[in-house]
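Number of protein chains: 2
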Amino acid sequence: MSSLGITVKKSEDFSEWYSQVLVKAGLVDLRYNVQGFVVHRPWLMRIIRAIYRFFEEELEKTGHEPVLFPLVIPEENFEREKEHVQGFKPEVFWVTEAGDEKLERRLALRPTSETAFYYMYSFWIQSWRDLPLKLYQSVSVYRNESNTRPLIRGREFLWIEAHCAFSTHEEALRQVEEDMENSRKVIWEKLGIPFLFLRRPPWDKFAGAEDTYAADTLMPDGRVLQISSTHDLGQRFAKAFDVTFLDREGTRRHVWQTCYGPGVWRITAALIAIHGDDKGLVLPFSVAPIQVVIVPIYYREEDKKSVLEKAHSIEEMLKQKGYRVFLDDREEYTPGWKFNDWELKGVPVRIEIGRREAESKTLTIYRRDTGEKKQIEEAKLLETIQELEKSILENLKTKARRFMESRTVEARTPEEVVKALKEGYLVKMPFCGREECAMDLKEKTDGGKVRGTEISFKEGDYGKCAWCGAPARQIVYVAKSY
Amino acid sequence: MSSLGITVKKSEDFSEWYSQVLVKAGLVDLRYNVQGFVVHRPWLMRIIRAIYRFFEEELEKTGHEPVLFPLVIPEENFEREKEHVQGFKPEVFWVTEAGDEKLERRLALRPTSETAFYYMYSFWIQSWRDLPLKLYQSVSVYRNESNTRPLIRGREFLWIEAHCAFSTHEEALRQVEEDMENSRKVIWEKLGIPFLFLRRPPWDKFAGAEDTYAADTLMPDGRVLQISSTHDLGQRFAKAFDVTFLDREGTRRHVWQTCYGPGVWRITAALIAIHGDDKGLVLPFSVAPIQVVIVPIYYREEDKKSVLEKAHSIEEMLKQKGYRVFLDDREEYTPGWKFNDWELKGVPVRIEIGRREAESKTLTIYRRDTGEKKQIEEAKLLETIQELEKSILENLKTKARRFMESRTVEARTPEEVVKALKEGYLVKMPFCGREECAMDLKEKTDGGKVRGTEISFKEGDYGKCAWCGAPARQIVYVAKSY
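Chains A and B, in that order, give the protein sequences. Quick note on full-length UniProt numbering: the first sequence kicks off at 1 and runs consecutively. Quick note on full-length UniProt numbering: the second sequence kicks off at 1 and runs consecutively.
Hints are not guaranteed to be accurate.
[Said to hold, decoys possible] Dumping the calculated BS3-like pairs for lysine-lysine here, alpha-carbon to alpha-carbon at most 30 Å:
1) A:Lys442 x A:Lys10
2) B:Lys10 x A:Lys305
3) B:Lys338 x B:Lys321
4) B:Lys338 x B:Lys399
5) B:Lys338 x A:Lys134
6) B:Lys442 x B:Lys419
7) A:Lys319 x B:Lys185
8) B:Lys397 x B:Lys428
9) B:Lys10 x B:Lys321
10) B:Lys399 x A:Lys321
11) B:Lys134 x A:Lys319
12) B:Lys399 x A:Lys61
13) A:Lys338 x B:Lys102
14) A:Lys134 x B:Lys428
15) B:Lys134 x A:Lys134
16) B:Lys89 x A:Lys89
17) B:Lys419 x A:Lys134
18) A:Lys380 x A:Lys399
19) B:Lys338 x B:Lys185
20) B:Lys102 x A:Lys82
21) B:Lys61 x A:Lys24
22) B:Lys321 x A:Lys390
23) A:Lys24 x B:Lys134
24) B:Lys399 x B:Lys374
25) A:Lys134 x B:Lys321
26) A:Lys61 x B:Lys442
27) B:Lys374 x A:Lys321
28) A:Lys24 x B:Lys239
29) A:Lys361 x A:Lys419
Think of the hints as simulated: they come from the structure by calculation, not from any bench.
Using the sequences and the accompanying hints, generate a full structural model.
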């Protein structure tokens with residue numbers, strides 16, 4: 001049995017820990033025979049679906065509607081926006097044949113769908129009445145990445161892409177804030193993953209955007225992971241795809257656009273990595289495929305009936321209250337094996353029912369996040385579960401935020417920057433704003449990247465750039481990244 | 001306005017009616033610049049999602065778990081099962097390039113995923129403890145079809161594929177019945193679409209299957225549409241992919257497999273085609289994106305406030321009861337325009353609130369399926385809506401079943417078969433069971449196909465084959481098909 005558990009500590013070898021959890025908790029299988037393409041197993045799919053549902057709810061509350069665009073995009077669509085094609089073409093997969101025949105023109109597997117959506121937007125948007133247009137799709141996208149890592153960087157990965165069009169730039173900028181708020185409601189409030197929402201420096205923006213805003217979370221190894229992003233596309237695509245509308249005064253104008261991509265795959269990676277511990281996954285109720293597992297314990301055949309009866313009645317009661325409950329009455333596994341397996345899979349609460357519990361009006365409750373075990377009166381079960389649901393999420397949030405805060409340091413000198421990045425810290429520092437300074441920093445710190453300023457940040461006089469000593473115009477975050 | 005409505009009668013030109021409904025009700029857009037690939041608009045996506053949810057619920061209730069396999073399948077996987085590769089290879093799309101480089105081996109876009117799933121099943125299934133294994137995925141698949149038709153035949157289309165493995169053939173055959181029951185629960189009970197569940201003749205089975213069972217519904221033009229199918233794969237794929245298990249006695253054996261494909265796209269097509277009428281879509285509550293639309297009507301500014309107040313309070317009440325309600329208070333459209341538009345889109349119930357309704361405790365209610373309008377007391381609204389939900393579904397079911405029954409005839413002679421097929425009937429007839437007879441029938445009736453026997457059917461002596469006069473062993477259904 002112990003060979004099935006995680007064999008390294010998360011704090012000592014995060015990379016190995018992460019790889020082991022993914023496989024041992026039954027999330028992915030990496031043995032599929034196309035490199036960089038992952039098989040998503042049921043436990044992972046159920047978590048991912050819950051995350052999708054949260055985002056879709058928020059998007060619909062804020063007026064977005066679901067669509068589904070074709071997987072394939074003609075090459076000519078890409079060519080329309082110059083920066084976009086430069087950014088994405090090198091990693092596009094191309095469909096060139098069907099059956100025994102060569103296609104007349106090759107078709108891209110969508111790496112992202114601006115050039116599919118906006119081709120249609122030129123038909124759909126004619127008048128001010130058609131605006132704002134807010135659509136999204138929940139799909140996989142395809143990029144021929146190297147250095148793939150499950151849920152972090154894949155050749156096929158899951159996300160949502162929302163594409164909005166407005167009559168003014170002001171509305172588009174408000175959409176950026178709405179997207180940040182949507183991310184906060186799901187990623188922080190439901191999943192307990194803290195993040196910074198940063199405006200990327202101009203050299204690190206989405207290909208084809210005027211500006212990119214992105215959510216960065218901090219992984220246990222001190223590297224940041226971008227888990228969602230919103231792009232202010234200005235009127236670039238509108239001009240490339242001729243998306244115009246007649247305003248109320250009868251003037252034809254180009255729309256202003258944004259696109260928003262919650263990285264469902266990467267959010268799942270962050271969830272696993274940030275909340276997990278040396279025993280495996282730790283899941284909040286919000287996404288746990290099983291929220292409460294009931295393990296009956298009996299060693300003598302004469303106890304079996306009363307133990308199982310009680311287990312079934314508890315199961316029934318919690319199911320009726322809407323909880324996702326599983327009574328693990330499989331006879332081919334021991335209680336100890338089950339404990340380990342459900343801990344590895346991150347089930348938030350375990351109820352143990354043995355002879356003692358069956359004979360009294362009590363239950364033994366184990367919570368996965370703290371490892372605490374306690375006896376409660378059976379009458380207080382529902383109340384206890386409700387409390388645990390809240391308190392587990394609060395605990396995960398608190399721990400995650402504390403971790404991120406404790407791994408963030410301010411730096412004023414190149415020496416401090418180098419030391420902090422080496423030790424796996426997220427660095428906050430005054431910065432001159434120049435690309436060449438950022439590139440120099442990156443080179444000399446083995447990959448430290450200027451991630452950007454906070455979205456509400458205003459430029460000003462911030463003393464000297466921590467890296468080059470020139471006058472600083474910004475306070476930026478710097479970190480190594482995935 | 002009238003130019004936006006459907007301009008032909010469904011009974012007179014079904015094909016044109018169907019094309020107009022798809023576009024005018026805002027379901028699909030066919031202007032995307034890759035032929036055979038369809039843009040799914042919000043109204044369609046919401047219907048499709050509801051259908052997915054129903055199937056996923058039934059599948060999970062019967063022990064299936066969700067997975068997601070890669071889109072791409074290596075050519076070598078296809079080659080493993082001889083009939084399968086012959087059946088599917090001619091229509092496979094191939095990815096051959098990434099960026100500027102040629103891939104070492106070409107990758108198929110999944111036309112169906114047996115050869116992806118079963119490659120992994122050989123890892124996942126080792127012992128009797130691993131069985132039964134029941135997994136499914138909700139995805140798009142890709143086939144280079146000609147004669148594409150939106151929601152009926154596409155190069156990209158949406159479905160579910162469930163893949164099960166068992167230790168005995170008996171269990172596999174029980175799965176076929178479970179699949180039929182799942183189809184019945186969703187397609188008939190929730191959506192009101194009647195179908196026959198038929199065992200296909202050997203020459204019309206899925207490539208690689210021992211037997212194919214399929215649900216056929218009858219479209220308004222008298223052609224049948226296959227909307228779901230289950231395949232008894234026997235041990236063919238198990239042998240091709242070496243999927244074996246150690247049984248309880250320690251003997252290594254090949255598994256028995258089935259796969260089940262509810263055709264979500266085609267079920268949606270049947271829903272539109274069968275329930276729709278000359279005004280457009282007619283949707284049951286189960287899948288209607290909006291179940292109740294409230295249209296406020298006022299011609300004098302002084303009535304506006306009281307009308308809108310009442311409209312809002314009705315909206316609020318119904319929302320709290322869990323209905324999908326939309327208050328259409330847009331000022332840029334007239335009530336008449338709104339009536340037509342929501343009728344075209346198939347919203348099952350409309351509540352009209354004018355000055356009269358605002359001044360009294362009454363409401364005017366319109367039901368889309370029958371076109372009836374009546375006044376009710378406001379206090380009876382909830383009760384009325386609950387009744388309508390049931391009665392609309394019952395009415396759609398009854399009409400659909402009556403249509404299918406009225407378009408089914410028995411035939412005993414070639415003349416009767418020819419006449420019935422020409423007039424758009426589904427024919428029930430004694431049949432000899434020979435492929436050459438079926439091919440002769442098909443050729444001489446301009447496409448009439450032997451669709452198979454009912455699943456519970458037992459072979460016996462059924463007089464003479466209606467087509468060739470030889471002794472008949474079966475009663476089969478024959479029809480032209482999509």
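When the hints from earlier in the document are held up against this structure, which numbers fail? Going through the list in order, the structure violates hints 2, 9, 10, 12, 13, 14, 15, 17, 19, 26, 27 and 29 and respects the others.
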